[in-house]
Amino acid sequence: KNQVEQSPQSLIILEGKNCTLQCNYTVSPFSNLRWYKQDTGRGPVSLTIMTFSENTKSNGRYTATLDADTKQSSLHITASQLSDSASYICVVRENNNDMRFGAGTRLTVKP
Amino acid sequence: EADIYQTPRYLVIGTGKKITLECSQTMGHDKMYWYQQDPGMELHLIHYSYGVNSTEKGDLSSESTVSRIRTEHFPLTLESARPSHTSQYLCASSPQGAGKTQYFGPGTRLLVL
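Residue numbers (our numbering), protein chains in the order written: chain A, 1 to 111; chain B, 1 to 113.
One or more hints might be untrue.
Listed below are the simulated DSS-like cross-link pairs for lysine-lysine, each with C-alpha atoms no more than 27 Å apart in a straight line [stated by the list, open to error]:
no., chain 1, residue 1, chain 2, residue 2
1, B, K31, B, K57
2, B, K57, B, K17
3, B, K100, B, K31
4, A, K57, B, K100
5, B, K18, B, K57
6, A, K71, B, K17
Covered, in the sense of this in silico footprint (three residues per stretch, anywhere, with C-beta under 8 Å from a C-beta of chain B), are these stretches of chain A [claimed, not checked]:
no., segment
7, 40-50
8, 59-73
Honestly, the hints are just simulated from the structure, not real lab data.
These numbers were taken from a predicted model, which means no experiment stands behind them.
Every residue, glycine too, gets a C-beta built ideally from N, C-alpha and C.
Using the sequences provided together with the hints, build the complete structure.
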């Protein structure tokens, strides 16, 4: 069983709508959590990084939250655009620097 | 845009062939990584390097080998390709230090017939 579980597996929304992607992890001890955006045929690009003490972090229309007690994170996308269509990957780093990747949520934004 | 490059982007090759996937970065990063990613699945670390002449195996067992003769170059070689090697291979690099951002290349999509 993967130590980083993401949901939903895929999501289709209309342009301009908001959405929230979930990430639950069992990785311990925890160092930090990142959300990456991976466009089709490209490598992942880092969106946000959060450490144990951070609850929320924003990057433009992307807002990530972290609850280290329940080991849950979410990525909220506001006013979605067609260019937001991509896979969003949650990555949790352990204290020993090992990184655990989620399988990603495939988001499709339709006009 | 990260300055990390992978070639070829796509490769279709027959079973038994030897192949080398190239990865180069111009950011002067000491750390470099190779990941394998199947469609809809998570990335798995197969090799990493902390610097020149340093290579380590990752979490996922792989029949590939790597070398790090120069800081900027981290090629991955398969001596005898098999259909089970069909996958996407992503190269990444990061600066020294804990928790630094990894910058990914565009990936090589490999199909072994």
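Here's how the hints hold up against the structure:
no.	hint	in the structure
1	B:K31 x B:K57	13 Å, holds
2	B:K57 x B:K17	22 Å, holds
3	B:K100 x B:K31	10 Å, holds
4	A:K57 x B:K100	17 Å, holds
5	B:K18 x B:K57	20 Å, holds
6	A:K71 x B:K17	45 Å, violated
7	40-50	holds (count 7)
8	59-73	violated (count 0)
In the structure shown, a violation is registered for the earlier hints numbered 6, 8, in ascending order.
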